[in-house]
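Just so you know, the sequences run in chain order A and B.
First residue of the first sequence? That's 149 in this note's numbering, and the numbers climb one at a time after it.
First residue of the second sequence? That's 149 in this note's numbering, and the numbers climb one at a time after it.
Warning: the hint list may mix true and false statements.
Note that the list lumps identical chains together, so a pair holds whenever it fits in one copy or between two copies.
To be verified - With a Cα cut of at most 25 Å, we get these calculated PhoX-like pairs of lysine-lysine:
#1 K249 to K159
#2 K488 to K389
#3 K475 to K249
#4 K243 to K475
#5 K243 to K389
#6 K389 to K467
#7 K470 to K389
#8 K389 to K490
#9 K467 to K415
#10 K437 to K475
#11 K159 to K243
#12 K470 to K490
#13 K415 to K488
#14 K475 to K488
#15 K490 to K437
#16 K415 to K490
#17 K437 to K415
#18 K475 to K415
Treat the hints as calculated values from the structure; they're not laboratory data.
There are 2 protein chains.
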Amino acid sequence: MGRRMANPYLKQYLMTAGPTPLPPRVSQVMAEPILYHRAPAFIEVYARCLERLRMVFQTQNDVLCFAASGTGGMESAVANLVRPGEPVAVASCGKFGERWKEICEAFGAPVVHHDAGWGNRVEPADLDRVLGENPDVQVVFTTFSETSTGVLNDIQALAQAAHAHDALIAVDAVSAIGAVPLLQDEWGIDVVAAGSQKALMCPPGLGFASANERALARAAEPGGAARYYLDWGHTAAGQRKDPPDSPFTPAVSLFMALDVALDMIEKEGLEHVFERHRLLGRASREAVKALDLELFGPEDENANVVTAMKTPEGIDGAKVPKTMRDKFGITIAGGQNQLKGKIARIAHCGYYGAFDTVTTVAALEMTLRELGADVELGAGVAAAQRVFLEAGVPVPA
Amino acid sequence: MGRRMANPYLKQYLMTAGPTPLPPRVSQVMAEPILYHRAPAFIEVYARCLERLRMVFQTQNDVLCFAASGTGGMESAVANLVRPGEPVAVASCGKFGERWKEICEAFGAPVVHHDAGWGNRVEPADLDRVLGENPDVQVVFTTFSETSTGVLNDIQALAQAAHAHDALIAVDAVSAIGAVPLLQDEWGIDVVAAGSQKALMCPPGLGFASANERALARAAEPGGAARYYLDWGHTAAGQRKDPPDSPFTPAVSLFMALDVALDMIEKEGLEHVFERHRLLGRASREAVKALDLELFGPEDENANVVTAMKTPEGIDGAKVPKTMRDKFGITIAGGQNQLKGKIARIAHCGYYGAFDTVTTVAALEMTLRELGADVELGAGVAAAQRVFLEAGVPVPA
Numbered sequence: 149m150g151r152r153m154a155n156p157y158l159k160q161y162l163m164t165a166g167p168t169p170l171p172p173r174v175s176q177v178m179a180e181p182i183l184y185h186r187a188p189a190f191i192e193v194y195a196r197c198l199e200r201l202r203m204v205f206q207t208q209n210d211v212l213c214f215a216a217s218g219t220g221g222m223e224s225a226v227a228n229l230v231r232p233g234e235p236v237a238v239a240s241c242g243k244f245g246e247r248w249k250e251i252c253e254a255f256g257a258p259v260v261h262h263d264a265g266w267g268n269r270v271e272p273a274d275l276d277r278v279l280g281e282n283p284d285v286q287v288v289f290t291t292f293s294e295t296s297t298g299v300l301n302d303i304q305a306l307a308q309a310a311h312a313h314d315a316l317i318a319v320d321a322v323s324a325i326g327a328v329p330l331l332q333d334e335w336g337i338d339v340v341a342a343g344s345q346k347a348l349m350c351p352p353g354l355g356f357a358s359a360n361e362r363a364l365a366r367a368a369e370p371g372g373a374a375r376y377y378l379d380w381g382h383t384a385a386g387q388r389k390d391p392p393d394s395p396f397t398p399a400v401s402l403f404m405a406l407d408v409a410l411d412m413i414e415k416e417g418l419e420h421v422f423e424r425h426r427l428l429g430r431a432s433r434e435a436v437k438a439l440d441l442e443l444f445g446p447e448d449e450n451a452n453v454v455t456a457m458k459t460p461e462g463i464d465g466a467k468v469p470k471t472m473r474d475k476f477g478i479t480i481a482g483g484q485n486q487l488k489g490k491i492a493r494i495a496h497c498g499y500y501g502a503f504d505t506v507t508t509v510a511a512l513e514m515t516l517r518e519l520g521a522d523v524e525l526g527a528g529v530a531a532a533q534r535v536f537l538e539a540g541v542p543v544p545a
Numbered sequence: 149m150g151r152r153m154a155n156p157y158l159k160q161y162l163m164t165a166g167p168t169p170l171p172p173r174v175s176q177v178m179a180e181p182i183l184y185h186r187a188p189a190f191i192e193v194y195a196r197c198l199e200r201l202r203m204v205f206q207t208q209n210d211v212l213c214f215a216a217s218g219t220g221g222m223e224s225a226v227a228n229l230v231r232p233g234e235p236v237a238v239a240s241c242g243k244f245g246e247r248w249k250e251i252c253e254a255f256g257a258p259v260v261h262h263d264a265g266w267g268n269r270v271e272p273a274d275l276d277r278v279l280g281e282n283p284d285v286q287v288v289f290t291t292f293s294e295t296s297t298g299v300l301n302d303i304q305a306l307a308q309a310a311h312a313h314d315a316l317i318a319v320d321a322v323s324a325i326g327a328v329p330l331l332q333d334e335w336g337i338d339v340v341a342a343g344s345q346k347a348l349m350c351p352p353g354l355g356f357a358s359a360n361e362r363a364l365a366r367a368a369e370p371g372g373a374a375r376y377y378l379d380w381g382h383t384a385a386g387q388r389k390d391p392p393d394s395p396f397t398p399a400v401s402l403f404m405a406l407d408v409a410l411d412m413i414e415k416e417g418l419e420h421v422f423e424r425h426r427l428l429g430r431a432s433r434e435a436v437k438a439l440d441l442e443l444f445g446p447e448d449e450n451a452n453v454v455t456a457m458k459t460p461e462g463i464d465g466a467k468v469p470k471t472m473r474d475k476f477g478i479t480i481a482g483g484q485n486q487l488k489g490k491i492a493r494i495a496h497c498g499y500y501g502a503f504d505t506v507t508t509v510a511a512l513e514m515t516l517r518e519l520g521a522d523v524e525l526g527a528g529v530a531a532a533q534r535v536f537l538e539a540g541v542p543v544p545a
């Protein structure tokens, strides 16, 4: 297939928004002997994860867990909330928002699609207008952090708009959970879907759905879509048993990893975790600006999951991630779909510290220079350094 | 919740039919740095897994991979093959066969259910009769190794019966794959569903579906059930790209594990893997008989996934697995549903050798003695030893 092995002597840095690098403790627990899912040793792990997920989601809900990618968590929201033939609304601003539309259509729901455009925010006033024009919509699907563009939506305001029209709101928080504040209960978000492989510092393979009583009640009504594996009722019944029991064999090794990762988040403190992400986001944006590059999307001090920048005119943008990876061992993401070759995305959601950002910015400068762009070596790095120094040493990372 | 930590000084042995113990090489690869799923280093792993899965399934099909438990693999077969309102047949003989019925009903298919009874085999003649009586059935769902009872069905003959009535057959091979011979293409099995956590020696979290062209063609026709995450078309399209690409973030660490496990299976040689399972099954059955215990289900020299035995009269059967675990550190499974407290199940699917069986039989003897049953210590062990010695030393394990 013409692929070549990566150079084993090139030290590798993973700077993508999922999978994200794992803390050594998380990696290593997966090398321990596997546990039987009904034995006390695993049940301890499982129960502790279920409890700590509530802390991260800031909710009293049961955070339902599925052996699935984040899309499985999203699909569970669709499968449990839509009713074939009844319209729903999707408010999107990128690739992952559009995924909601694809899933809803696959489940037979006509979609009222508000497309805010890639790189824009979904404006709550627009959602309000769309729902005013479509009074039969009972469920809204939208995105918290749109990973394809780096944009963060104001889901608290979007939830208010949905509720003003008596609609439920389901939010894709796959890349946001654990990176930026999400107060599910306080903000009244009916459903939060998420995944394990981003700021939760675990491998991919666990999908989550935290659904409130109103959403669970709708799911339990007749007339819903077909589902079994992703049925909220099955999984909620299992998780509410004492001791909790997964209806299907849980992804044991991933729960072992999650247990350690959630312990780390708890010990760092959720507020400190968010503050660290704020600093990494700010340092990345300042570096981009110091290099005279253009941020993609609105400059937003809350958008601290992934920083997207336009690749400079005059160079082949698709070569930026490729050169960074092949020459410097730094894996970042380029643009997806219509943004292919036009943007580069640096992630800072998860197990990242100040010097991950410094390293990535340094490699970005070297890459752009290699590709013929006129950038001042060190200028971006210096901007990032200033952000970290101003925040005080030691850097909370 | 009143649970207590397992005694850390009691050496633990996992003898359940999933999760099964992992070879050290498989465990340890998961402690390596996580890979970006679109980077060359992961694509190598992914492509190799896809190719080697064909070897294990003995097929030219693409073995479709999902981040899901084995039930997700099964559900993909239902979601892609049933048409709401059109009848299907389920031929079951235990808990996992009945799961097919639950999933089919959840997807809106009226189920013609042939229940052969827990502990019996599904007889091909019975399936033939049922399909003769229900000529509008186009899909049959059944089980290869019924983990709840240890029974192995003759899926080659069941496939012939289904095909005689022009029906497709989908087989749950979750616990059989890699333990007993399954020649998907030669036997004409239209769909094989499986999971990672049994004889494939990996953690739970990967579900598989190997569908032949006829099954894929049916799935592609209009009128099918709603699905997105488990849609065969999506996943097949991704896996057939060059290089292959998963439509959703794959469970990277589990593929890293699978890559190592499949390498071990390839190096041991599939026929040797099956021969090892045959010996372990025979040794387990001979031990049970030597202890004057009764096998549950027909004595079957091909049923080498899990050995089920009736717990002796006069003792509390539910205490057998509990005592083995709490006093001796050996985790086996008891009976499920109506068999709770009535049977004990010793697994030998996966990374098991002769002395795992010896250890388990020894602990079983000690457990039964502790619970007041009249067993001769060492009698079961000796029977197992004889099986291994007769097969020649070194034991192929």
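Cross-check of the supplied hints:
1. K249 to K159: neither (40 Å within a copy, 51 Å between copies)
2. K488 to K389: between (47 Å within a copy, 18 Å between copies)
3. K475 to K249: Answer is neither; intra-copy 38 Å and inter-copy 54 Å both fail.
4. K243 to K475: Intra 29 Å, inter 54 Å, cutoff 25 Å: neither.
5. K243 to K389: For K243 and K389, the Cα distance is within 25 Å only across copies (20 Å; inside one copy 37 Å).
6. K389 to K467: Between. Shortest inter-copy distance 21 Å satisfies the 25 Å Cα cut-off; intra-copy 52 Å does not.
7. K470 to K389: between (49 Å within a copy, 19 Å between copies)
8. K389 to K490: So K389 and K490 pass the 25 Å test across copies only (23 Å; inside, 50 Å).
9. K467 to K415: neither (40 Å within a copy, 40 Å between copies)
10. K437 to K475: Within one copy, since 24 Å is at most 25 Å while 65 Å is not.
11. K159 to K243: Classified as neither: same-chain Cα gap 31 Å, cross-chain 49 Å, threshold 25 Å.
12. K470 to K490: within (13 Å within a copy, 60 Å between copies)
13. K415 to K488: Neither: 39 Å inside a copy, 41 Å across copies.
14. K475 to K488: Classified as within: same-chain Cα gap 20 Å, cross-chain 60 Å, threshold 25 Å.
15. K490 to K437: within (17 Å within a copy, 70 Å between copies)
16. K415 to K490: Result: close neither inside a copy nor across copies, 39 Å intra and 46 Å inter.
17. K437 to K415: The answer is neither: 34 Å in one copy and 54 Å across copies each exceed 25 Å.
18. K475 to K415: neither (37 Å within a copy, 35 Å between copies)
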